[in-house]
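Let the sequences and hints guide you as you build the complete structure.
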Amino acid sequence: MKLGIIGYGERIRHVVNEVIKEDSRCEIAAIVDIRNQEIQQQRQPGLEQTRFWDTTEEMLAKSQLDGVLIGTRCLLHTEMALKVLPTGIPLFLEKPVATTMEDLRKLKAGSERTHSPVVVSFPLRVTSLVQLVKEIVDSGKIGTVEHVQAINNVPYGGVYFHNWYRDEALTGGLFLQKATHDFDYINYVLQMQPVSVCAMTSKQIFKGDKPAGLQCADCSENRTCEESTAFAAPEIRDRWTHCSFAQDTGNEDSGSALIQYESGMHVSYSQNFFARNKAASRGARFLGYKGTVEFDFYTGTVKVFMHHTSRVETYVIDAEEDHFGGDRALARNVVELMQGQGTSVSSLDDGLLSALLCLKARESAQSGTFQRIDWQS
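Quick note on numbering: the UniProt record's numbering labels position 338 of the sequence shown as 338, and the sequence is numbered without any gaps.
Note that these hints are calculated values from the structure, not bench results.
Incorrect hints may appear among the rest.
Derived pair list, reagent style SDA-like, types lysine to any residue, alpha-carbon separation capped at 25 Å [unchecked claim]:
no.	residue 1	residue 2
1	Lys134	Ser256
2	Lys303	Thr292
3	Lys83	Glu58
4	Lys290	Glu135
5	Lys203	Cys219
6	Lys207	Arg237
7	Lys83	Leu352
8	Lys106	Glu58
9	Lys203	Ser254
10	Lys278	Ile317
11	Lys141	Gln260
12	Lys203	Phe274
13	Lys134	Glu313
14	Lys141	Arg282
Each pair of labels, with its calculated beta carbon distance range [to be verified]:
no.	residue 1	residue 2	range
15	Tyr298	Gly140	27 to 33 Å
16	Glu262	Thr301	27 to 33 Å
17	Tyr315	Glu10	49 to 55 Å
18	Ser367	Gly340	41 to 47 Å
19	Asp349	Ala61	24 to 30 Å
20	Thr343	His14	19 to 25 Å
21	Thr301	Val159	22 to 28 Å
22	Lys21	Asn163	26 to 32 Å
23	Gly368	His14	36 to 42 Å
24	Thr144	Gly368	30 to 36 Å
25	Met101	Lys21	36 to 42 Å
26	Glu313	Arg105	43 to 49 Å
Glycine included, each C-beta is placed from N, C-alpha and C at the ideal position.
Next comes the structure, spelled out in structure tokens:
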């Protein structure tokens, strides 16, 4: 089966490798990337027969493709998706599906006019951990979920201040970059519609008066600064190049949101980008009247605490695979859709809702107001 790639970056290369592992008949038949010449010169394995195109339109018109994967910079996700959707070719779309409300509305309208099967890159919802949590919630063991407490303390948060991610014009901010995953798995477990959100963000650490454009390699403090990447491993040093304390460093370094759902229950969510090492944590507590289920991706554990007995159940899940098997599950789903089987496990509707939540949270933080989660406001 022939794959077409729009934006051949690191993440999409990983996804493609997972797809090929699922079905060895898959091959990269076509690539569109602003670095076409550079990629060809690298002579990467698996690209010997790949055709490189200058435009997405040309690739779609002249290639016989069974699937398309979009891995461009975030601000181009909507534009490229709107070019693929009318073709009916199964599509893998990186998150976030849009970085502005204007783009999100365009994508929603485009999705309503077409029927291309879409898999949005939400691996967390299909991890073994979240699947177990959903199984426990659906069983009724803890009662109906009436409160959720979720956190994401990111130990590799420096990437959002050293790398191209530091430019908010490209990323749309860190709700769209990180919380979009967490909002999605919470929506998936709850199976309820969010109705309103209020949020706050802070930038307390990664700010300063270093000159714009300063790189760690050129800084006189690069041997004493805790954030210096000047002497890091090459894969970090060569990509995480810029100063985290320069005047042009974008992005908040912490953020929180309160989300109300249609039943009246609410979710609290908080993310942090200067926690490091063993302070890392990502997961949630789902609380019902009869019990609580909690999980954490970094420890690979799920615990159930019964409220009216002393019983505690602990499940430990092997974390050998990327995203606890989430990437593999998405890749398997892509192959199924290319074969004309099954339905998406993380649909475009899921991607639209998560992005809407993130954009409304961003607007709330900027304006200091509660925001309705709807398409009219």
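### Message
So, against the hints stated earlier in the document, which numbers end up violated here?
### Response
17
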